[in-house]
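A.B. asks: Listed below, chain by chain, are the residues.
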Amino acid sequence: MKQISPDQLKDLIQGLQYRGYITIGPTLQNGAIVYSEILDINDLPIGITDSQKPGHYRTTQTNSNAIFNYVVGTQSIKRFLYPPIQKIFSAKFTEKKIEIQELDKPSQRYAFIGIRACELEALKIHDTIFSKSEFKNSRYTTLRHNSLFIAVNCSKAEKNCFCTSMNTGPEVKYDYDLLLTEINKNERHYFLLEVGSEKGEDIINEFDFSDADESEINEKYKVIEKTKSQIEKFLETDGVKESLLQSFESPVWDDIAKKCLACGNCTMVCPTCFCMTVEDYTDLERNSAERIQKWDSCYTLEFTYIHGGSVRVSVGSRYRQWLTHKFATWQEQFGTFGCVGCGRCITWCPVGIDVTEETTKIKKLSQLQTTSLEEL
Amino acid sequence: MPAKKHKPKLAVWKFASCDGCQLSLLDCEDELLKITEIIEIANFPEASRAIQPGPYDISLVEGSITTPHDAERIHKIRRQSKILITIGACATSGGIQALRNFADVKYYTNLVYANPKFISTLQHSTPISHHIYVDYELRGCPINKYQLIEVISAFVNNRKPNIPNTSVCIECKRKSVTCVMVSQGLPCLGPVTHAGCQALCPSYNRPCFGCYGPKEAPNTTSLAEQFIELGLSKNDIVRAFRGFNAYSDAFRKESEIYEK
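Heads up: the sequence lines are chains A and B, in that order.
Per the numbering used here, the very first residue in the first sequence carries number 1; after that it's consecutive.
Per the numbering used here, the very first residue in the second sequence carries number 377; after that it's consecutive.
By construction, these hints were calculated from the structure, which means they are not laboratory data.
Ideal placement from N, C-alpha and C gives every residue a C-beta, glycine not left out.
Be careful, since some hints might not be right.
Stated by the list, open to error - Straight line, CA to CA, 30 angstroms or less: simulated DSSO-like cross-link-like pairs of lysine-lysine: (1) B:521 / A:294; (2) A:294 / B:536; (3) A:96 / B:536; (4) B:551 / A:136; (5) A:87 / A:294; (6) A:87 / B:410; (7) A:53 / B:551; (8) A:185 / A:156.
Unchecked claim - Okay, the calculated bits of chain B under chain A, using three or more residues with CB under 8 angstroms as the criterion: (9) 403 to 414; (10) 530 to 539; (11) 542 to 555; (12) 564 to 572; (13) 592 to 599.
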């Protein structure tokens, strides 16, 4: 384990840019932490901290010089590896035939700075879906393969964090190239730096970073313990799958539907949601056509539109689909939960619907074998 | 694919409106010449005096029905049009002038006109679809010119227009626009409003005021309750839903609940 100063982190970011990486990190935009391209360490949210509650997000500027003193921002890195709007192919009409023009392989190389344990877990889930399944997403696979991941151990938790329940954090344990732990103690500000891959090793070898001593290494575990102790939200995942699969007729669905706006925010901010739709366009002169892929949401009526109408008309049935997929059928499909406990769906729900509360309610009802909400 | 010999004829009609949506067609600029290559603009008084007689393949109708004369005229237009597409908030929901529907129009005419007896107007401003069958409705105040081109292109090419009727939130999130309601506590109509503007207002850090009207199956009740949580008064909520689409079913019903 190495220890580096903020100035050395600045050098590290520059080093990545020299190597041709597009450096993506947390930035402050309109009062929120947003992953975006950074050119310099000063683009990072220095001294910014966040507070999150169901349907509520605020940031504040503090006197601290800490860079990563927030939990998770508006969206994960999903939008870089799996863009929200993506052309799949275009076609040209020539005299006698249609000529399909495939896209070039993506050439950009991203270095993601500041990603958290829950986000790495989401990345792993996307790897399973896009790179290891029968139907590969070659663009995702290329982009992901060419990317570098510089993770950060969370130094605080917020009201909507429940990574400990999903067993995904707060400690970053694997799948990173480099790992930072920010220590800001006794007026000393530094980062502990660990290497997790050959790619990471290769980059660090260019620098002359000094080794961390034992007392510094201990600080890492203190940070993780402190963060863990701040996590208040809890979801008992044992038996969730069974309860959900038995609760197709639960009164909870209609109850949620009274509040749920079916706006799709939760699915858009979810780091694992991967549903998309395709739209076909023709130009005015009828010479060419395009197929565009866009992020979609299971909350829209069109999502299940088949000849004659939508399958999931009621909002309750759409919420049920989402929640059951996340916590039950995802396991059958991909072998894990579809939730990493980042809490974004709770924070960014305009009316603050809490997945952990609703899941717990459903589980209790199914265990009580009752359909009366009053009995809870 | 070679263009068909017969160029579809397009007509543009105006009812009670500000002309902004018609202007979107002229505003196409770069694409306007291409449009005229594939369709013949046969009747568009705002653009040209050269008016050709009907029937027309596509009619674009702007504005709402506010006078007895217009209520008759729209039927004549329908009879001359193979496909009739209404454009903008006035034509699809009655427009801002539908605020009269919640008041007494006679009271207004007495206030405004020196000789109100010459004014022949209906008590209600109503969308075109209340009077005739409409093939397609394009929302917005004003409409988005790219959506207009998309609709024309789709009808000419016999395909479905890519005009989703989902929430504005989806456009915000695809664009990585931070939610102004969650991060600033601003009352945003985005979660109940029809997409299509590319999240214009939230992109400029302002809440959506619903100029595209209600999205598919909007839960206005829940959003209004959330507005109360954010500190809005009942009167604020009435005003929030009484904008350019005040007379659309969902927005009207919600505003009436809070008016009581």
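A.B. asks: When the structure is checked against the list of hints, which entries are broken? Sort them ascending.
C.D. replies: none
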